[in-house]
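Quick note, the sequences are listed as chains Z and G, same order. Under our numbering, the residue at position 4 of the first sequence is numbered 4, and the numbers go up by one with no gaps. Under our numbering, the residue at position 21 of the second sequence is numbered 21, and the numbers go up by one with no gaps.
Rather than coming from a laboratory, the hints here were simulated on the basis of the structure. Quick reminder that beta carbons are idealized off the backbone N, C-alpha and C, glycines included. Misleading hints may appear alongside valid ones.
[To be verified] Sample of chain G residues at the chain Z side, in silico, Cβ under 7 Å:
{"no.": "1", "residue": "Leu46"}
{"no.": "2", "residue": "Gly102"}
{"no.": "3", "residue": "Leu103"}
[Unchecked claim] Derived DSS-like pairs (lysine-lysine); straight-line CA-CA distance at most 25 Å:
{"no.": "4", "chain 1": "G", "residue 1": "Lys107", "chain 2": "G", "residue 2": "Lys68"}
{"no.": "5", "chain 1": "Z", "residue 1": "Lys9", "chain 2": "G", "residue 2": "Lys68"}
{"no.": "6", "chain 1": "G", "residue 1": "Lys61", "chain 2": "G", "residue 2": "Lys107"}
{"no.": "7", "chain 1": "G", "residue 1": "Lys107", "chain 2": "Z", "residue 2": "Lys57"}
Next come the chains, spelled out residue by residue.
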Amino acid sequence: DSGVTQTPKHLITATGQRVTLRCSPRSGDLSVYWYQQSLDQGLQFLIQYYNGEERAKGNILERFSAQQFPDLHSELNLSSLELGDSALYFCASTLAGTYQETQYFGPGTRLLVL
Amino acid sequence: AQSVTQPDIHITVSEGASLELRCNYSYGATPYLFWYVQSPGQGLQLLLKYFSGDTLVQGIKGFEAEFKRSQSSFNLRKPSVHWSDAAEYFCAVGAAGGGADGLTFGKGTHLIIQP
Chain Z
1 DSGVTQTPKH
11 LITATGQRVT
21 LRCSPRSGDL
31 SVYWYQQSLD
41 QGLQFLIQYY
51 NGEERAKGNI
61 LERFSAQQFP
71 DLHSELNLSS
81 LELGDSALYF
91 CASTLAGTYQ
101 ETQYFGPGTR
111 LLVL
Chain G
1 AQSVTQPDIH
11 ITVSEGASLE
21 LRCNYSYGAT
31 PYLFWYVQSP
41 GQGLQLLLKY
51 FSGDTLVQGI
61 KGFEAEFKRS
71 QSSFNLRKPS
81 VHWSDAAEYF
91 CAVGAAGGGA
101 DGLTFGKGTH
111 LIIQP
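With the hints as extra help, turn the sequences into a complete structure.
Take a look at the structure:
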């Protein structure tokens with residue numbers, strides 16, 4: 001158990017819909033990373049937050065957005081969903097948000113868009 | 001931009017045999033290198049990481065990896081695999097000093113253990 005929690009575990013929705021994925025980092029960690037894992041693209045970095053502020057942005061679509069709240073949990077919002085958004089979405093956390101640190105990954109949210 | 005190549009999509013090894021998983025990276029400066037393992041239905045777990053110093057790094061579960069700058073490689077090894085090592089293995093590179101790219105992962109190598 002990494003100490004990172006993600007909800008829900010599974011999500012099934014329809015094209016055009018909007019969903020919110022939630023991540024709670026390990027106790028004491030200030031930084032949260034979001035990744036998307038799909039069969040064709042592999043594991044891709046989406047976005048990073050540190051103490052409520054966006055720190056780094058990867059291959060995140062404009063239809064996707066994220067935020068980190070004062071209690072340090074983070075939410076990833078996916079809108080106007082397409083079939084290709086079906087994937088496993090992971091969050092990871094670290095204390096200081098540097099890449100030298102071990103990123104602790106949550107169990108993921110599996111999203112299926114029908 | 002940095003990139004990672006894991007040339008082997010699948011590898012099958014007999015239990016008790018040695019293992020080497022290949023990883024090649026592309027990055028202009030000294031990279032931060034990582035190996036993660038993902039068991040079915042699980043998140044990723046760090047096996048080991050390299051930043052500087054000794055080019056042979058030891059990790060958890062009996063794994064080690066060697067950084068070879070001249071070959072831009074960071075291959076993962078284990079002298080004797082166990083059935084519980086069956087999983088997906090990912091090599092990743094991070095930008096030294098941070099940067100806007102996050103961790104870049106390879107496509108993964110699926111390890112199958114034969115009894």
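Right, here's what the structure says about each hint:
no., hint, result
1, Leu46, "5 Å, holds"
2, Gly102, "3 Å, holds"
3, Leu103, "6 Å, holds"
4, Lys107(G) <-> Lys68(G), "20 Å, holds"
5, Lys9(Z) <-> Lys68(G), "39 Å, violated"
6, Lys61(G) <-> Lys107(G), "22 Å, holds"
7, Lys107(G) <-> Lys57(Z), "20 Å, holds"
Consistency note: the structure conflicts with earlier hint 5 alone.
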